[in-house]
Amino acid sequence: MKRHLLAFATALVACAAQAAPVEITLARFFGSCDAEFGQQTDPSQVSSECGIVTVLTNKFNAQQSGRIHVNTQVVEHSAYYPQLGARIVGGDLPTVAIMHSSVLGDFAKRDLLQPLEDGLETSDFTPHARRGVSFGGHVLALPYDSHAMLWHINLGLMKQAGLVDAAGHARLPTSSQELLNQARAFKRATGKPYFVWLTLNDPSFFARCILGLVNQQGATLFPKTDRAIALDTPEVKTAVTLMRTLYAEGLSTRHMDYSAALQAFMAGGGGVMLNGTWLLGQLNDRAAQVGNPLSHVYEAVPEPRLYAKAATWADSHVWVMLRNPRQTAAERAAALSFLRFLNDESLAWARTGQLPARQSAVDSPAFKGLPMRAALGPVAQIGTGLPTTVARQARVMGLLGDTISSIVVSGEPMEATLAKGQQRINRLLERESRFLEH
Amino acid sequence: MKPSLFDRVLMAGAIALALLWMLPLLWVLALSLKSNAVLMERTDAIFSTPFTLRNYADILANSAVFRWVLNSCVVAGVQTLLVLLLSSLAGYGFARCDFRGKRVVFALVLAGLAVPEPAVVIPLHRFFAELGLHNSYAGLILPRLAAPFGVFLMTQFFKAVPRELEEAALMDNASRWTIFWRVVLPLTLPAQATLGIFSFLAAWNDYLWPLISATRPEMYTLTLGLASTQTNFAQSEGLGFLMAQAVFAALPVLVLYAFFQRHIVAAVAGGKP
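Line by line, the protein sequences are chains A and B. Using our numbering, the first residue of the first sequence is number 17, and each one after it goes up by one. Using our numbering, the first residue of the second sequence is number 67, and each one after it goes up by one.
Nothing false has been slipped in among the hints.
Result set (SDA-like, lysine to any residue): computed pairs, CA atoms no more than 25 Å apart in a straight line:
1) A:203 to B:108
2) A:75 to B:124
3) A:75 to B:298
4) A:125 to B:192
5) A:75 to B:127
6) B:168 to B:215
7) A:75 to B:130
8) A:175 to B:107
9) A:125 to B:185
10) A:75 to B:129
11) A:75 to B:282
12) A:203 to B:107
13) A:125 to B:189
14) A:125 to B:184
15) A:325 to A:315
16) A:75 to B:125
Some residues of chain B that are not near chain A, with every Cβ distance over 10 Å (derived):
17) 76
18) 115
19) 117
20) 136
21) 155
22) 159
23) 231
24) 312
25) 318
The set of hints was computed from the structure by calculation and includes no laboratory data. Glycine included, each C-beta is placed from N, C-alpha and C at the ideal position.
Put together the whole structure using the sequences plus the hints.
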């Protein structure tokens, strides 16, 4: 009788265990599109960021049915980090969370992240992705992509200006002077500005441009220490002068925010739009349709090399596991299993337009077979950002962008404005440093 | 009597200003009736057909949206009632009752008006985390019940009620509670309506506190839930959907306004409904 009872109890426990998969939470942005893709498990049928991450989560849940279940907690992009900060303070921690590699340093310095090198295969990360997630000898996140600034080009207008090579690709400038010459020729031929710029409400645009141009000159914005930016260097002034000249001569659009710039480019309002990899899919779809200014005349390339070396601003989406004293071994194992799944599905995410964080994926025929991607491989090598140890990078980039925008758009004097911007940023970094020391 | 020229000019000016005020709202409504793909190319497409209800259908296709509406109704409704009750009681106490330290306590309440929300939000969040109240209605409602403006408004209103009315009731052996409930409180209806409107709108549109207190989608309020569905570049890639969300979120408030229009106008104008 006892034996039967024991067997019955064991069966009950086994059933209970079967009925209760390990629940983990996934905090992310990218929007929520369960209504559209709630039942979908095939990522090849989707191309938007929201769609693919939703479908991948569905696929994982389906594969792990009964063992692991991922509960997604979506927060709007601009409110994501304030909420995550509050959740950390309140001890209400998601098991897995998305971040940008540019903010990772702030979390790493506060020792809030779990090292992942024991649970993940890290040797396949691209150089840019690896730089973004490595801190103090540890890998603190799974890099999910690299997203960078691209030149989105209207080949129709470029052809009109005689700036297309024999193969039908845009003839890209190889120096700052050649860029100015091409831009002037473009304007003379088409009557339109060469560049479509995001000059309103988007300080990060200017910060990203300057970062790339300074790095192309072999310099860095933080030459001495990660606590002091240097905006009074010849390289910064060279880059700012170039942008100021382009703007002053009407070689770029004016008074446009993100949406207006995108609309202008799609309407054929300029030759080259500087914007992110994330627009690749949409613009490519647009170009595939007939009867619009981009029809079959669109291409995207990495920022061309104007100075000594190739470089472009890049950031990454990364997945992290926050330190959580209440986390069980089963939850950690489940979370790592989910991260490994996402890593394996790197190519699916690349369909959004973002570049894979795995070198094998970048080099794969499947990736190169996607529209425009073959030309974008170098971004994984030349992508650059602020040094990972620089604190408060989002704020630093905002202040940097405001400074450059003041000079380029508002015509403020360069020397004084750069000095003021440098002072503001360094004061911020000093405060942050004092805070961390205490 | 025929209206004078001055009256006509005044009326024309008022109509012009009203139209000017309505223009952004009409713009939002028009954008919400266009497809995202069209708006990504040009926003002036609102001046031509076709229009679509697809954005609204997309909102309603999310099964969670009705839960979010319910959450917002519960949170805003209960919060408004409790704010009215507590502010009225506190206001009456400050206006009519004498107790030790009254002036200091009242000054402390007023000081609450000067404290910006971000300054207290983290300690408040920790406090509620320790109480285990996040992701609950209590967690969404309780922090907003401390309403210094409400207490101040009701105090001033109670002070304006003639004492003779209460003295007459006292002569009839009415208790303090009866005087408050039966005599004085009904006289403060305009102030209650004003405070009620402000409290309801503040609760309905609240974003910061629900954002950090409700992390489970089933506890999202409408503002939070709708925002969570926005993609990263919604302002360019999903403009129609974004505007439809704005209209959808405003609908319950508009319905409420339609029902209580008479009271609201009277409350704001300081007259009787």
